[in-house]
Amino acid sequence: MIDLRAHVIRFRGALAYPLTTTRRTVLTLLVAAVTYCLLVLSSFPTYSMQLLGADLGYVDDAVIALTGNTYRTAGAGGLALVVVYAITTGIAVTGALGRVRSAGRPDARGLSAVLPGLLASGCASCGAGVLGLVGFASALATLPFDGNLLRLAGLLLLVGYLSRLGDPRHCTVASAVESE
Amino acid sequence: MERPDASTTRRAVVAGLGAATVTGGVVYAGATLDNRGTDTDTTSSADDVAFHRTTGSTGFGIELDGHPVMGSMDAPLDMYYWGDYQCPFCRRFEENTFPALVDDHVAPGTVRVVFIEFPYLSAGSMTAAVMDRCVWRQVRDENPRRYWAWHSSVYDAQGEKGSGWASRSNLLEITRGVDGVDAAAVETCMDEDRTDIEAAIATDIERARQLGFRGSPAFVLYNRDADEAGKLVGAQPKERFDEAITTVENV
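First to last, the protein sequences are chains A and B.
If you're matching positions, the first sequence starts at 236 in the working numbering and goes up one per residue.
If you're matching positions, the second sequence starts at 6 in the working numbering and goes up one per residue.
Hints are computed from structural coordinates only; laboratory data are not their basis.
A portion of the hints provided could be inaccurate.
What the hints assert, rightly or not - With a Cα cut of at most 25 Å, we get these calculated SDA-like pairs of lysine to any residue:
| id | chain 1 | residue 1 | chain 2 | residue 2 |
| --- | --- | --- | --- | --- |
| 1 | B | K236 | A | V294 |
| 2 | B | K236 | A | L273 |
| 3 | B | K236 | B | T63 |
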């Protein structure tokens with residue numbers, strides 16, 4: 236049986252971890268900013284590639300234009316989901332690096348503990364961009380709630396990952412608790 | 006049982022509040038920055054540029070029958086413009102870049118623009134696209150420049166997707182407000198010719214897909230003499246269009 240309270244406590248620990256040192260905070264913000272840019276740019280990949288392919292200096296134009304476009308096509312809720320996902324990714328990456336570090340050298344065992352969760356949640360959320368990349372930017376328009384359900388699914392996976400990770404400096408026995 | 010200490014709880018609350026603040030800020034920016042550009046030009050010569058009715062296919066394979074052509078028929082370059090009236094990026098292009106393009110390239114006779122419908126966002130997109138064709142049919146012989154007035158009025162009235170702004174009744178209401186366009190004739194066209202027009206638009210959509218367009222606005226710049234073309238996608242800054250026009254013009 237899943238111990239919900241333990242998950243909430245670990246999630247709180249994961250959320251607090253980036254604020255324990257300035258370096259972790261900066262890393263979290265940096266990863267969140269990069270993630271946000273990638274997610275927004277992937278909402279219209281051909282436009283982004285053409286504009287940035289011409290000159291990387293257009294990155295601010297592209298991010299601002301596509302932020303407005305995301306707001307208009309996915310609504311305030313859709314844009315908010317993208318921002319929250321980006322911030323959560325920043326927290327998850329910082330926590331994952333902390334876990335690898337506290338486990339010792341970044342060996343395959345350490346990475347195997349953090350990569351699956353990150354990749355699964357990342358793929359679900361960036362699915363919006365991938366749809367545009369492989370098929371049609373308009374595919375999102377045909378999805379329920381303009382793709383917001385897909386974004387929400389990615390976010391929930393990431394929150395689930397953080398609730399298992401907890402504060403990476405502390406050892407937890409999440410899987411043992413859940414399997415009982 | 007794990008228990009969070011006070012500092013962990015405090016940090017978690019600060020992190021949550023920070024995330025909420027950043028999210029709110031970006032959403033507010035998305036709402037206010039939308040459609041603001043740097044190329045805005047309110048004194049465009051677009052109102053004075055000629056529109057033409059023509060038939061036949063271009064060397065690029067675009068069927069011109071039924072499509073408004075803006076600019077000189079002798080212009081060496083074609084710009085095929087696929088758009089959706091519900092697309093916010095198209096509106097951004099219309100407001101920020103198109104007027105300056107008309108001033109610098111269409112009015113002087115370098116480029117002629119062929120308007121092509123690319124409705125893909127929702128049923129309202131197709132309704133607006135069909136009405137676009139009906140309006141063009143109604144004005145193309147007597148007063149083709151009124152098409153531009155209608156086209157601009159619809160983009161000016163663009164609302165949120167699914168809000169109902171692109172319903173048939175609302176679009177007809179917009180049409181009634183455009184001088185020189187007979188809304189009753191447009192309504193009759195919508196009733197009687199919609200099926201045929203939708204079939205023609207489906208061909209345009211298919212052509213756009215063959216060209217690899219996955220969103221709008223989308224453009225092909227085509228040098229008719231040299232039979233060379235280049236593609237542009239999205240509401241790119243005007244200087245990107247300038248570069249593309251220069252490149253295609255000099256091939």
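Each hint, compared with the structure:
Among the hinted pairs, K236(B) with V294(A) is consistent with the structure: their alpha-carbon atoms are about 20 Å apart, no more than 25 Å. With a C-alpha separation of about 23 Å, the suggested pairing of K236(B) with L273(A) holds against the 25 Å cut-off. With a CA separation close to 16 Å, the supplied pair K236(B) and T63(B) stays within the 25 Å bound.
In the structure shown, no violation is registered for any of the earlier numbered hints.
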